[in-house]
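Mind docking chain B on chain A? Use the hints.
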Amino acid sequence: MYHHTKLSNNSFGIFQKLRNFDYVLLACILLLGFISLTTMYSTDGGNILFHTKSHFVKLVIFTIMMLIFSFINIKFWFSIGYLSYLIVIALLIWTYFFGIKSSGSQRWMDLYFINLQPSELMKICIILCLAKYFHRMKLENVNSIYTILTSLIIIILPMGLVIVQPDLGTSLLIAISGIAVIWFAGINHKYFIYTMLGFLISLPFIISFLKPYQKLRVLTFLNPDRDPLGAGYQIIQSKIAVGSGGIFGKGFLKGTQSYLEFLPEKHTDFIFTLFSEEFGFIGSAILLIIYAIIIYRIVAIGILSRSYFAKIFCYSFGAAIFVYITINMSMVLGLLPIVGSPLPIMSYGGSSMLATMIGFGVVMSAKVHSQQAIA
Amino acid sequence: MINSPTDSVKKLNLINRRMFITGSFKFFIMIGLVSRLFFLQVKENKKYLTLSDKNRIREWKLAPVRGEITDYFGNVIAGNFEAYQLHIIPEQVEDFRYVIYRVKDLLEMTDKEFSKVLKKKNEIKPWETLIVSDNLSWKKFSKINNHLYDLNGVKPVISISRNYPFKENFTHVVGYVSQANENDIENSEIIKKNFVPGLKVGKVGLEKSFEDKLIGTNDIERYEVNAYGRRINQLEFQKGKQGKNLKLTIDTEVQKLTSELLKEKAGSICVMDIYTGSIIAMHSSPSFDPNLFVFGISQDDWQLIRNNPMKPLVNKTLQGTYSPGSTIKPIVALSALENGIINTNFTVNCRGHKHPLELYGQTYHCWKKEGHGFMNLRNAMKQSCDTYFYEVARKLGVDKLSETAKKFGLGKEVFGDLFNIEKKGLIPNTLWKKNALGQSWLLGETVITGIGQGYIQTTPIQLCLMTAQIGNGGYKIYPKIVANDDNSVSQVDKFTPLYKDSNNIKIIQDAMYASTNEVRGTSYRSRIDDLKYQFAGKTGTAQVKKITKEDRELDLKTFEIPYEERDHALYVAYGPYKNPRYALSILVEHGGNGSTTAAPMAKKLFKKIIDRDLLRKSISEKKYLEI
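Protein chains in written order, with the numbering used here: chain A, 1 to 375; chain B, 1001 to 1627.
Chain A extracted, bound-state conformation (with noise of 0.2 Å):
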């Protein structure tokens, strides 16, 4: 297709740009963070505390900065996919040498000004880095031996890192993003099915290597009844918190779990479970569909992107948020074991906003830029 390379080397106007702009998604966007912001508002019990103000200003500098990435040209993020790839694997290499230890996991680094977790990062990069691989890969060669082991490389690189944290909830967001650009590029579907099967096969080991507190986890999930006051409590609370909150919940700052302190976690992980309990099944159907369009959105400015970078990496991203929106959501609902994975934007959390802001903005770049094609 020739011609679209003649297309592509005709700079965009501001004014193209902003035409060009997905309001919806942005609104959509600048919705779920008003949601999150009373919901954190009412995690701090009816007052705007530490957690309200620190995710407000998060959500403020983090969205001008979606914002700008926005209008920078897709073919910029083409271009840094590798080297942001190894910057992070860096980050992550310095953080196990020199990362702050904090309730026996060493994720984070002391930026001075911000604590940064870079695996959250590692979440959105290994896409980047994903997608260019797969860039310019004829079809023929997808399926290639080195193909494959190059971008298994790739996935397990970062995990084995984050694993060792220890954070198994985000090594296997990570695998899942890089294995969702996998399976977008074309590599043959028997793979995953034998892979899948094959873990299926070892889970009995993989279990043997689970850490006991793991182990007690899946255990739990399995019967949270067993330890209702220990291991079981989180579920079970959360459980009650949902489905106390009924068709039309206990009304905004009313949650009785919360506020009497009955749910764990509930500014990270289970801030669903929060809302949820104050705004009750409708409530929560509405974030749901929030989220559905927002995806609906990342998909859909993909399949208008010519180039196939921001194809990839669109879907990839859609699928990727889609995947830590359903294990965050199948967790506080009971339907997976506890594994520590943040809600986009809902969950108070800096790092895992900012990569999830930066997704947005590439996806938003190549919004803007979708007549762009890249070489």
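Derived from the structure by calculation, the hints contain no laboratory data. Treat each hint with caution, since some may be false.
Here are the computed lysine-lysine pairs in the BS3-like style, where the Cα-Cα straight-line distance is at most 30 Å [to be verified]:
{"id": "1", "chain 1": "B", "residue 1": "K1406", "chain 2": "B", "residue 2": "K1354"}
{"id": "2", "chain 1": "B", "residue 1": "K1010", "chain 2": "A", "residue 2": "K75"}
{"id": "3", "chain 1": "B", "residue 1": "K1061", "chain 2": "A", "residue 2": "K250"}
{"id": "4", "chain 1": "B", "residue 1": "K1506", "chain 2": "B", "residue 2": "K1617"}
{"id": "5", "chain 1": "A", "residue 1": "K215", "chain 2": "B", "residue 2": "K1026"}
{"id": "6", "chain 1": "B", "residue 1": "K1354", "chain 2": "B", "residue 2": "K1395"}
{"id": "7", "chain 1": "B", "residue 1": "K1424", "chain 2": "B", "residue 2": "K1480"}
{"id": "8", "chain 1": "B", "residue 1": "K1043", "chain 2": "A", "residue 2": "K254"}
{"id": "9", "chain 1": "A", "residue 1": "K190", "chain 2": "B", "residue 2": "K1203"}
{"id": "10", "chain 1": "B", "residue 1": "K1010", "chain 2": "A", "residue 2": "K138"}
{"id": "11", "chain 1": "B", "residue 1": "K1010", "chain 2": "A", "residue 2": "K250"}
{"id": "12", "chain 1": "B", "residue 1": "K1617", "chain 2": "B", "residue 2": "K1395"}
{"id": "13", "chain 1": "A", "residue 1": "K239", "chain 2": "B", "residue 2": "K1203"}
{"id": "14", "chain 1": "A", "residue 1": "K239", "chain 2": "B", "residue 2": "K1026"}
{"id": "15", "chain 1": "B", "residue 1": "K1476", "chain 2": "B", "residue 2": "K1433"}
{"id": "16", "chain 1": "B", "residue 1": "K1265", "chain 2": "B", "residue 2": "K1010"}
{"id": "17", "chain 1": "B", "residue 1": "K1406", "chain 2": "A", "residue 2": "K250"}
{"id": "18", "chain 1": "A", "residue 1": "K239", "chain 2": "B", "residue 2": "K1047"}
{"id": "19", "chain 1": "B", "residue 1": "K1368", "chain 2": "B", "residue 2": "K1506"}
{"id": "20", "chain 1": "A", "residue 1": "K250", "chain 2": "B", "residue 2": "K1046"}
{"id": "21", "chain 1": "B", "residue 1": "K1239", "chain 2": "A", "residue 2": "K254"}
{"id": "22", "chain 1": "A", "residue 1": "K254", "chain 2": "B", "residue 2": "K1061"}
{"id": "23", "chain 1": "A", "residue 1": "K254", "chain 2": "B", "residue 2": "K1047"}
{"id": "24", "chain 1": "B", "residue 1": "K1500", "chain 2": "A", "residue 2": "K250"}
{"id": "25", "chain 1": "A", "residue 1": "K138", "chain 2": "B", "residue 2": "K1026"}
{"id": "26", "chain 1": "B", "residue 1": "K1046", "chain 2": "A", "residue 2": "K254"}
{"id": "27", "chain 1": "B", "residue 1": "K1010", "chain 2": "A", "residue 2": "K190"}
{"id": "28", "chain 1": "A", "residue 1": "K239", "chain 2": "B", "residue 2": "K1046"}
{"id": "29", "chain 1": "B", "residue 1": "K1424", "chain 2": "B", "residue 2": "K1407"}
{"id": "30", "chain 1": "A", "residue 1": "K239", "chain 2": "B", "residue 2": "K1054"}
{"id": "31", "chain 1": "A", "residue 1": "K254", "chain 2": "B", "residue 2": "K1406"}
{"id": "32", "chain 1": "B", "residue 1": "K1500", "chain 2": "B", "residue 2": "K1406"}
{"id": "33", "chain 1": "A", "residue 1": "K239", "chain 2": "B", "residue 2": "K1010"}
{"id": "34", "chain 1": "B", "residue 1": "K1061", "chain 2": "B", "residue 2": "K1239"}
{"id": "35", "chain 1": "B", "residue 1": "K1203", "chain 2": "B", "residue 2": "K1143"}
{"id": "36", "chain 1": "B", "residue 1": "K1244", "chain 2": "A", "residue 2": "K254"}
Computed beta-carbon distance windows for the label pairs [said to hold, decoys possible]:
{"id": "37", "chain 1": "A", "residue 1": "I114", "chain 2": "B", "residue 2": "K1116", "range": "33 to 41 Å"}
{"id": "38", "chain 1": "B", "residue 1": "K1116", "chain 2": "A", "residue 2": "G45", "range": "58 to 66 Å"}
{"id": "39", "chain 1": "A", "residue 1": "I247", "chain 2": "B", "residue 2": "Y1101", "range": "33 to 41 Å"}
{"id": "40", "chain 1": "A", "residue 1": "I48", "chain 2": "B", "residue 2": "D1105", "range": "41 to 49 Å"}
In this text, a Cβ means the ideal position worked out from N, Cα and C, and glycines have one as well.
Relative to chain A, chain B alone:
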């Protein structure tokens, strides 16, 4: 390097195909999440709502307010008073050490008490109430109140507690309350239901028997609590019901007199209405102050009560079994008359110690050394001639005697199940001896049973009932002590005659009259000539040990004999003779002679009882009007 168009198209087709596959996956998973939400929040909502309420709402029970116990005239015998207490919630105190030492100084606590408080503090959660003192004097309480400015977090509290204003006067009737222990909780459903830490329940007496009525129901406070159990706010306060009040048939004035009469002595007095069976007074001496037990008795006080040789813990009226001595004679005579063994003219010659009754080598002496001479029934009762009753008993036989005695209420519990401590006593007969001891009955045992010695054992309350039923003309009555007890057993045979011939009762009544009001009567010196108060009675002197020949020759005075070997003095009587209404029984342990120790008490008692009779009747008439 530029991909060839065909490759590019293929790649695009592939990625779009996979995008659609992924998209449909997402769709179905979304549907799954929504249905899970629907399941939890709509379908199972009730279940989780209940669980959430269970999480957040906690109940606190407060001790119920106990019903009061009053006497017949409404005087409070067991009441509630406001106890001054000192509570601290450790969490609300900034500097607990400072405050607790300050409190220690102010209350002048001993080190022992103080360490007890500190121990208690370590056992509770910091937001729970620490009761530093549960019964402060007003002086200390106001002292604390005056120093509140530097006792941050200390709470002076007024709470309801049990009080027995008449102290030891009613102990053996009412009993006392004390902190419920595990046994109390296990054995009573209602205590279990109403239990709160520090709950006081009846331990003995009516406080225990009527626990279910008196206890009342808890106040319930419902609080919203957080995950750590701290109270956040009060949702509800449910007022409990005070326990039902108990009205006794007892007259406090008479009761006080009985305890005065028995002061420094061991013994029992009970007074009964001979028609209604109402107990007017019932006292066992020595007694003790039940208030000591309410907040836990101190070790010293407890040792003092427990080691008292006069046994204050024993309720002698109900638990004490004694030989009735001569007070059984009216029953012996009545039984002989009823069975046609003797008539009023039957005469026995009592010839004194030189010529005692002899049976199979055993000798049986009358109490009077010189002998009474020729005695008929009336004279024998009047002068309490033992020889006469030996002879009557011998002719009558123990089986017939025991039948009559049991009919008149001896040998079985007077109050049924009301007091679990009550003893039956023993009215022996031939069958009993065979079953219990495996021996045959001896004639000599019949003979001494005729003067209330030997196996026969009665409680003072039984003697009182016996006398009452003679006094009322021989009709069955059921003693009662609680005026408003609607659960009492049906008394179908109330007022059924206990005699075959009412004349026989009259003969006995006349003989008892003679014993008190005629010269040579054993209680002649205690008589009251005024018809209004005049009473008829029978003395008794129960031997504690067998009188040996040497004893008889020594003929010691009571005060010359060691305390434990002295006779029990007994007296039973009813009055006023012309229009009888009340019966009483008096027992003084080791009091010596019935006529010198016990009978004079009856004189004082009858004065009091009959003086208060009108007042009592006015109350009972009022009561009937209300119905």
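* To do: List in ascending order the numbers of the hints, as given earlier, that are violated by the structure.
  => Hint check: 1, 9, 11, 12, 13, 16, 17, 24, 31, 33, 35, 36, 37, 38, 39 fail, others pass.
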